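Undergrad: Here's the letter readout for the chains.
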Amino acid sequence: MEDYDVRSAASILASVKEQEARFEQLTRALEEERRHVNLQLERSNIPPNPPTSQPLAWQQVVMQEQSPSNATSLAMMQEPQEVVEETVTIEEDPGTPTSHVSVVTSDDGTTRRTETKVTKMVKTVTTRTVRQVPLGPDGLPLPEGSSPLGSYTDSIDRRYMKNGGDRFITPQATSTLTRSYNNSYNDSYGETPESQYVRHYGLHDGYADLTENYGSLSRGVNFRPPRYPYLPNSYRPENSYTLPIRKDDYGHVAQPQVPMGSSTVDLNRSQPERFQAEPYGLEDDRRSLGPEEEEPYELEPDYSTANRPLPECPGSPVHSQWYPDEAIEPELIDERHPYIHGMYSAPLALPERGSMASLDRMGGRRSPSIDSMRKDPRWRDPDLPEVIAMLGHPIDPVKSNAAAYLQHLCYENDKIKKDVRQLKGIPVLVGLLDHPKPEVHRKASGALRNISYGKDNDNKVAIKICDGIPALVRLLRKTNDMEVRELITGTLWNLSSYEPLKMVIINHGLQTLTNEVIIPHSGWEHEPNEDSKPRDAEWTTVFKNTSGCLRNVSSDGAEARRRLRECEGLVDALLHALQSAVGKKDMDNKSVENCVCIMRNLSYHVHKEVPGAERFQDPSALQAPGSAGPQRKKKDDAGCFGGKKAKEEWFNQGRKNGENDKNYDTLDLPKRSEPSKGFELLYQPEVVRLYLSLLTESQNYNTLEAAAGALQNLSAGQWTWSNYIRATVRKEKGLPILVELLRSDSDKVVRAVSIALRNLSIDRRNKDLIGSYAMRDLVSNLPSGQQRPAKNLEEDTVVAILNTIHEIVTDSSENARSLAQAQAIEKLVAINRTSQSARETKAASHVLQTVWSYKELRNALTKDGWNKGHFQVQATTPKATKNGKPGYDDTTLPLMEKNQGTGKCGSGDMIPMDELGPDGYSTIDQRDKDCKFKTVDGSVDQTEREPSKNDTNRKHYIRTNRPAVSLVDACDVKPQPVDSWV
Amino acid sequence: MSAGQAFAVVVQRIEIRKLRHGDNLILGFSIGGGIDQDPGQNPFSDDKTDKGIYVTRISQRGPAEEAGLRMGDKIMQVNGWDMTMVTHDQARKRLTKKNEDVVRLLVTRKSLEEAVKHSMGSYPRQ
Chain A
0 MEDYDVRSAA SILASVKEQE ARFEQLTRAL EEERRHVNLQ LERSNIPPNP
50 PTSQPLAWQQ VVMQEQSPSN ATSLAMMQEP QEVVEETVTI EEDPGTPTSH
100 VSVVTSDDGT TRRTETKVTK MVKTVTTRTV RQVPLGPDGL PLPEGSSPLG
150 SYTDSIDRRY MKNGGDRFIT PQATSTLTRS YNNSYNDSYG ETPESQYVRH
200 YGLHDGYADL TENYGSLSRG VNFRPPRYPY LPNSYRPENS YTLPIRKDDY
250 GHVAQPQVPM GSSTVDLNRS QPERFQAEPY GLEDDRRSLG PEEEEPYELE
300 PDYSTANRPL PECPGSPVHS QWYPDEAIEP ELIDERHPYI HGMYSAPLAL
350 PERGSMASLD RMGGRRSPSI DSMRKDPRWR DPDLPEVIAM LGHPIDPVKS
400 NAAAYLQHLC YENDKIKKDV RQLKGIPVLV GLLDHPKPEV HRKASGALRN
450 ISYGKDNDNK VAIKICDGIP ALVRLLRKTN DMEVRELITG TLWNLSSYEP
500 LKMVIINHGL QTLTNEVIIP HSGWEHEPNE DSKPRDAEWT TVFKNTSGCL
550 RNVSSDGAEA RRRLRECEGL VDALLHALQS AVGKKDMDNK SVENCVCIMR
600 NLSYHVHKEV PGAERFQDPS ALQAPGSAGP QRKKKDDAGC FGGKKAKEEW
650 FNQGRKNGEN DKNYDTLDLP KRSEPSKGFE LLYQPEVVRL YLSLLTESQN
700 YNTLEAAAGA LQNLSAGQWT WSNYIRATVR KEKGLPILVE LLRSDSDKVV
750 RAVSIALRNL SIDRRNKDLI GSYAMRDLVS NLPSGQQRPA KNLEEDTVVA
800 ILNTIHEIVT DSSENARSLA QAQAIEKLVA INRTSQSARE TKAASHVLQT
850 VWSYKELRNA LTKDGWNKGH FQVQATTPKA TKNGKPGYDD TTLPLMEKNQ
900 GTGKCGSGDM IPMDELGPDG YSTIDQRDKD CKFKTVDGSV DQTEREPSKN
950 DTNRKHYIRT NRPAVSLVDA CDVKPQPVDS WV
Chain B
0 MSAGQAFAVV VQRIEIRKLR HGDNLILGFS IGGGIDQDPG QNPFSDDKTD
50 KGIYVTRISQ RGPAEEAGLR MGDKIMQVNG WDMTMVTHDQ ARKRLTKKNE
100 DVVRLLVTRK SLEEAVKHSM GSYPRQ
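Protein chains in written order, with numbering that gives the first Met the number 0: chain A, 0 to 981; chain B, 0 to 125.
No lab work stands behind these hints, which were simulated from the structure alone. There could be a bad hint or two in this list.
[Claimed, not checked] Across the chosen pairs, the derived CB separations fall in these ranges: (1) S771(A) <-> R69(B): 50 to 56 Å; (2) E537(A) <-> L18(B): 29 to 35 Å; (3) Q822(A) <-> R60(B): 36 to 42 Å; (4) D535(A) <-> N23(B): 21 to 27 Å; (5) E537(A) <-> R60(B): 35 to 41 Å.
As the structure is a prediction and not an experimental result, all values here were calculated from the model. Where is the CB? At the ideal position from N, CA and C, for every residue including glycine.
Assemble the whole structure, with the sequences as input and the hints as a guide.
TA: As C-alpha cells, this is what we get:
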C-alpha cells in the first residue's frame, strides 16, 4: 500500500517471478524430502498406526499465511527479495518427529518459513509457509512498517561488532546458513541469545497461543522442542540480518542434528511467571520508534491479543481452521508450548536485550549491558562512530538498521544527538533519504526526526546545511508510505520551530506540503465534482504534522504570510478542513488547532498586506502612517473584488451611515459575482460564523485562543472588510459567545477574547453592547489589589482587560457608568495604588482618568466615596503619555491603528499603550510581542509560533511546569487534561 | 536519559474482562495523559514530565475495579502494546477495541515502584 510504488511495477513483476521460482524450488526440495522420508519409513517397517484416518498416507497441510492487510502483501511483493532458505533436518529416534524447516528470509524483513515436518510415528508431513512478521518486544507482531527496532538494531550491531563487519559482506552463498557459519556464531555467543529472551519472552507464551492469523501459524506450528536450539544459531542470524544470503542459492542441505531437550527446561516458563514482576525495559525500545500514530495501531486489528482465544481453550476453532485434520491437532497442541519459545526466540531475543541496555543507560552504565556482561563479557554495544560508519555500509539493511539504532539512541538524549552531529552523522542520514530502498529511507527519516527534535537548534541547522530540507521534501513527493510521510512531516515540523529555518521550509516545501498533504487530507477539491459529495477532512498524523509545520512557518513575518496566503489552495483547504471539523463537531484535535492558528496568523495584518488592500482602506483612517499595504500592490490583482470603485463607495457609505445613525444592523454584505478563493477567504464575513462555531464548541484552549485571535485580527484595522467583520460578529450573535469566554479558566483565552472585544468595539454599536453586557465579566477578571482572583491571570491578560475596558469607556459615558456600577472603581483604584506591576498600574490609571473625565459621573462617584485623588495618576507611575507614541503599538492592542479618526484621536493618546514603550519595560514588551500577534512592527507574528515555548519562558505563567513537549516540537500542549472513560 | 522517562521497573499484570454495556464494551475506568497532553496537570505522576497514560478514575464495582486496577496506576502496556509513548487517543482506542473482550494491562504503581527504587538506587538524569 504505502510502500507500493507505481514505478516499481516491473520490479514487482520480477519479484513475483522470483518468488514463483523459489516456490518451485521449494517444492522440489520438499519432494525430495518426502522421498527421503518415505525411504526411511519403508526401511523401518511402518510404525504403529498413527491416530489418523489415513494411516499410510502423507498428510500435507500447506498453510499460506494471510497477510494482515494488503499493505503487507504489497510490501512483500514490492521489491526483489533476497531470500534465505534454511532447511533443518532433525533425525531422531522413532517416535520423534523429524522436521525440515525452511526459512526463507526476504530482505524486507519478512521470513518465510517452510517446515516439512515428518513424524515417523504419525507419518505426517506438514508443510507450511509461514511468513515471519516482525515481532514486538512483547512477542506480538509489530505493525507492518514499524520496525522491530530492537531486534534489528541489536542483532546487527552485535554481530557487526563481533565480526568486524565481515559477515555482512560475505555473501552467505548457501542458503542453508552453512554450518560453519553457525558454529562460528555459536562460538562467539554461546547460549546467550536464547537464554536471554527466554527469560523475558517466556512470559508471553500465555498470550502467544492462538492468534488467529499469526498466532496459529507461528505459534501453533508443531515444531518440536529439539528444534529450537538451532534457532539462535541458524535461524536468527539471517532473520535479524536479513541480508547476506542470496535467494538463488538455497538448497536443501541436511542440518546438524541437535540433541533433544537441551534447554527446553529454561524455555518453558510456567504460567505464573507471566505475572511476576519483571524489569520493565521495553518502553525504551518502543519509544524509540517515535510516537506511534494512529495508523500503525489501527492497521492490523488482527494482531491484538483479544482476538486470541485464551490459552485455556486451545482447541478453539481457530485451530481446526488451520489444521483441518483432527488427528494432528492434539499433537500440535501438546507440543505447542515447548516450541513456542523456539519459534520466538530469534526475533524476540533482541528487543529484550535492547531494553536492558536502555536500563543500563539510565543507570549510567552504557555498555556493555548487564546481560551481555553476564552472558558474554566480550560483547559490547557498538559505539557511536561505529554506528555512524555503518550508515555508509554497502549493504542496505545494515544502513537501515544503523539508522534505526541511531533513532533509538537519540530518543530523548540530547547528548547523543549532539554527538551524532559532531560525528558528521547528519549528512549521511540526509543522504540516505534519497536511497531507493524504503527500509533505508524510512529509518533515516526516523533518525532525523528524533535528531531534529529538541531545544538544540544546532541539530536543526545541521540538517538544513546539508540540504536536508529539500531532501525531505523530495522524499515526501516520492513516497506513498504513510509512515515515511509521517516521519518526514514530523521532521519538518520539528525543523519549523527554529526561526531561521522557516523561510527555507517555505521556499522548498510550502507548495509540496500543501499539494501532497494539506489539500488531499483536508477534503477540499479544487474543482468539485458535481456528483461527488464534499469530502470531510481526515485528521491523519501526516496532516497534523504538516499543519503544525505550516503553523510554525506562518509566524515568520510578512513575507511568510504573503507566501502562505498566495500558496494555491492552502487557504481554501484549511477553511474546508475547519468547516468539516465544525460540521462533524470534531473540533478539539490538534489538527484543527493548527489550522485555526494558521488562519489566525494569515489574518494578521491582512488589511495591510493583501494585494489591493489599499483600495479598501477606510478613507478616514488613511492618515494612519504606514497603514497601506506594504508589499506587492498589484493594482490589477484585485479584479476579483468586482466593481471596485462603486462598491468601495458603497461600503464607505454604509459605514458612515452605520456610524451616524447606528444602523449597522441593516448593512448588507456586498453580493459577489463569483465565489471568493484563496486569501480572499480569510476575511470574508463568512469566516465569522466558522470562528464563532469553534468558539462555541471547541474545548481546546489553543483553538479557542486562535479563533478569538482570528476575529481580533480581522476586526482590527480600518478597511472595508474589517467593518464588515465587526458588524457580522454582532449579527451572528458572536458578542455573547465572546463574553461568555471571558469566564474561561484559560488565561490566554481570556486575553485573546478581551483583545477581540476591544477591536470589535471600534464599531460603535458593538461598543454599546459590549459596555452593557460584558462589563461585569471584564471587571470580574480584574484582581482586587494585590490579591489575585482565583484565576490568577497573567499580567498581560490583566493589562489587556484594562485596555479593553478603557476602549469601551472612551467616548461613552454610558459605559463608564456601567463600569462604575460593576464595582470596578474599587478594583481599579487598588490596582492603581498597589499593583506590583507597573503596566497594570498605568493601564488602571488610564481607565480611571477617563472615567473621571465624565463630569456627569462625578457626582455619583463622589457619593460612593471616591474623590479626585483616586483618579489621578499616581506620583510614582512613570509618565505614560510622554512615551506613548513610540510604544503605541501596544501588543494588547496590536491591530488598532493609532489614529482611528472619527473622534477617537483623543482617546488614542489616553490609551495606556505607552507602557510598552521605551520606558524601562521594553523587555516585558518584547516578551509580550512574542505571545501576541499584534504588533505593528512585523516581528509580532512570531507569536503564533510556539505558544507553549513562549509560555515556558514566562516567569509568572500559571502553569510553571510546562511539559518538555513530546517527540514533535512545537507541539504545544493541550491545556486541558483529557480524561476518557474506557 | 533526559527527563520524561518513567522508570517503572516493577509492573503488575492486570487482566480485565470487558463488560457489555448496551452496545459498548466497558472497562470501567478512565485514563488521562498521553504524549499530546500536558503532563504537568497529571495529579498522579511524580515526575511532572511523565507523559504516560494513567488511570484517573475507576467506576465502582466495574470490571477494572474487580480486576484490581487502582486509581493512579500507570499503564505501561495494553495487550502488549506500549502505552508510554502514545497519544491519549491512541491509548483510548487501544483499550476500547470492539473486537477484544479482554485487555491485559501491564501497570506500575507507586507502591511497587518504590520498592524497586530502593533496590536499584537512583538514576542519574541528564
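Undergrad: For each hint, tell me whether it holds in the structure or not.
TA: Hint check results:
1. S771(A) <-> R69(B): 50 to 56 Å: Check passed, 52 Å falls within 50 to 56 Å.
2. E537(A) <-> L18(B): 29 to 35 Å: holds, 32 Å
3. Q822(A) <-> R60(B): 36 to 42 Å: violated, 49 Å
4. D535(A) <-> N23(B): 21 to 27 Å: With Cβ atoms ~24 Å apart, the hint holds.
5. E537(A) <-> R60(B): 35 to 41 Å: Given about 39 Å between the Cβ atoms, the range holds.
Violated hint for the displayed structure: number 3, the only one.
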